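Residue numbers (this note's numbering), protein chains in the order written: chain C, 1 to 263; chain R, 1 to 160.
In case anyone wonders, no lab produced these hints; they're calculated from the structure. Among the hints, erroneous ones may be present.
As the list claims (entries may be wrong) - Here are some, though not all, of the chain R residues that point toward chain C, as calculated from beta-carbon distances under 8 Å:
id : residue
1  : F23
2  : T29
3  : S39
4  : Y117
5  : Y123
6  : M134
7  : I141
8  : L147
What the hints assert, rightly or not - No farther apart than 20 Å at their CA atoms in a straight line, the calculated lysine to any residue pairs in the SDA-like style are these:
id : chain 1 : residue 1 : chain 2 : residue 2
9  : R       : K146      : C       : F141
10 : C       : K14       : R       : E108
11 : C       : K228      : C       : L247
12 : C       : K14       : R       : K146
13 : C       : K146      : R       : D8
14 : R       : K146      : C       : L235
15 : C       : K171      : C       : E129
16 : R       : K35       : C       : A22
17 : C       : K14       : R       : E4
18 : R       : K35       : R       : T51
19 : C       : K143      : C       : D90
20 : R       : K35       : C       : K171
21 : C       : K146      : R       : K146
22 : C       : K231      : C       : R192
23 : C       : K171      : C       : M193
24 : C       : K14       : R       : N131
25 : R       : K35       : R       : T97
26 : C       : K228      : R       : F118
27 : C       : K146      : C       : E129
28 : C       : K171      : C       : K146
29 : C       : K14       : R       : S39
30 : C       : K146      : C       : A170
31 : C       : K146      : C       : L252
Unchecked claim - In silico contact screen, one side only, chain R against chain C (beta carbon under 10 Å); selected entries:
id : residue
32 : V10
33 : Y11
34 : A22
35 : A25
36 : N48
37 : S50
38 : R55
39 : S95
40 : S103
Remember, predicted model here, so these are calculated numbers, not experimental data. Each residue gets a CB set at the ideal place from its N, CA and C atoms; glycine is no exception.
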Amino acid sequence: MTPEQQLRALPVVKAPDHIWYAIQAQQRNPWHWARAAAVFLALGGSALWLASRPAPSGQWIETGLTATRTIPIGSIGHVELAPQTRLRIDPNSYRMTLARGEIHATVVAPPRLFVIDTPSTTVVDLGCEYILRTDDDGNGFIKVIKGWVSLEWGDYISLVPAGASCSTRAKQGPGIPYFHDVSDSFREAVERMDTSAILSGARARDTLTLWHLLQRVPAAERPRVFDKITKLAPLPAMVSRERALQLEPETLRLWREELAWTW
Amino acid sequence: MLYEAHKDRVYSLALYFFHGDAFTASDVTQQVFLKLMTSIVQYRGDSNFSTWLHRLVVNTCIDGTRRRQGKELPLPDTLPSPRSLESDAQHAEASSTILRAVSVLPPEFRMPILLRYFEGLSYEEISGAMNCSMGTVASRISRGHKLLAESLAHLKGDRA
């Protein structure tokens, strides 16, 4: 038999029963919590109810100096608001506006269903969990815990995977993402967009940062960013230097798909 | 029932992707179905259900790979080939050999190879499940073939 025939002939293995019990237990958990919450409410925990009541769509929600609040996003997840946060929920879609403060979003939904607008970027959920912060000046920061997030602002798009963060600047949009385990000097170089320092400090995994940097530097600087990426990761056959330097969208997408396996 | 209909294929795909690691395969299967059950109400039929399910499996396996990054388990001497299901000893031996060869493929080639041959998906379906172009799928499968052939030759050499 050829390898392909052998692969086709691989048997389907029966999933162990304990998986289903674990799923049931996970599904039951919310009810345990709901019962516990009901008892708590009966004992006078109305403050808890106030903190978790359904959010009024279309209105601004503000948390106080020390208060937090959890808001369900339909049945696809929830958003936890930190103190001093101001958020609005669009009544007609899974869309919110974060004017200031910090939220922790946990979403399980098809990509691009849930969106948050901030003064410096639009955060498009690609199925994930993240912490998003924005200050009174409109500058922001995102830390992705699971999955991917796309930060979109005019022509700028920054794709941030789990384990990475990205700053956003008012009227400038998203910066370039970097992994949490980078050195302090590398992170500072990214924040001030110091191309030379970024290039000299990049590791193989930092092609995430370099792939974005390539699209932000002036055309004359692109060759040295390109060369650094190809030093860290072999150039895939379908990616040509010429097209990459011209920032041809399809070429960049194919290249990202290949690089992303190391991110 | 959704779980009954798909659990064995999801578990098997995860098991073969994670080098026969039954613990991780169970965890992936659990996560996939929890995500599926939570978000099924959002499924609007604008994409094939099988593509959506496979996309969940692929993403969960990739997340699992990321979590294991740097602490990749060594390959066991004998992969847990489902010998109990094999009536033919020669077939069981072939399954074990091909699984060892698949196990050493880098994840970016291992997943499309499994989707193509174990799951029987078309290039178009794989491209939907992996959220990449058909060109990328074709290139990865082609490179996966070459690596698989090298690996099989090596394994045969070891046995000889």
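Evaluated hints:
no., hint, in the structure
1, F23, "violated (10 Å)"
2, T29, "holds (5 Å)"
3, S39, "holds (5 Å)"
4, Y117, "holds (4 Å)"
5, Y123, "violated (14 Å)"
6, M134, "violated (11 Å)"
7, I141, "violated (10 Å)"
8, L147, "violated (11 Å)"
9, R/K146 to C/F141, "violated (43 Å)"
10, C/K14 to R/E108, "violated (25 Å)"
11, C/K228 to C/L247, "holds (16 Å)"
12, C/K14 to R/K146, "violated (30 Å)"
13, C/K146 to R/D8, "violated (26 Å)"
14, R/K146 to C/L235, "holds (18 Å)"
15, C/K171 to C/E129, "violated (25 Å)"
16, R/K35 to C/A22, "holds (13 Å)"
17, C/K14 to R/E4, "holds (10 Å)"
18, R/K35 to R/T51, "holds (15 Å)"
19, C/K143 to C/D90, "violated (23 Å)"
20, R/K35 to C/K171, "violated (36 Å)"
21, C/K146 to R/K146, "violated (33 Å)"
22, C/K231 to C/R192, "violated (24 Å)"
23, C/K171 to C/M193, "holds (16 Å)"
24, C/K14 to R/N131, "violated (28 Å)"
25, R/K35 to R/T97, "violated (33 Å)"
26, C/K228 to R/F118, "violated (38 Å)"
27, C/K146 to C/E129, "holds (5 Å)"
28, C/K171 to C/K146, "violated (27 Å)"
29, C/K14 to R/S39, "violated (25 Å)"
30, C/K146 to C/A170, "violated (25 Å)"
31, C/K146 to C/L252, "violated (23 Å)"
32, V10, "holds (7 Å)"
33, Y11, "holds (4 Å)"
34, A22, "holds (7 Å)"
35, A25, "holds (8 Å)"
36, N48, "violated (13 Å)"
37, S50, "violated (15 Å)"
38, R55, "holds (9 Å)"
39, S95, "holds (6 Å)"
40, S103, "violated (12 Å)"
Hints 1, 5, 6, 7, 8, 9, 10, 12, 13, 15, 19, 20, 21, 22, 24, 25, 26, 28, 29, 30, 31, 36, 37 and 40, counting from the list given before, are not met by this structure.
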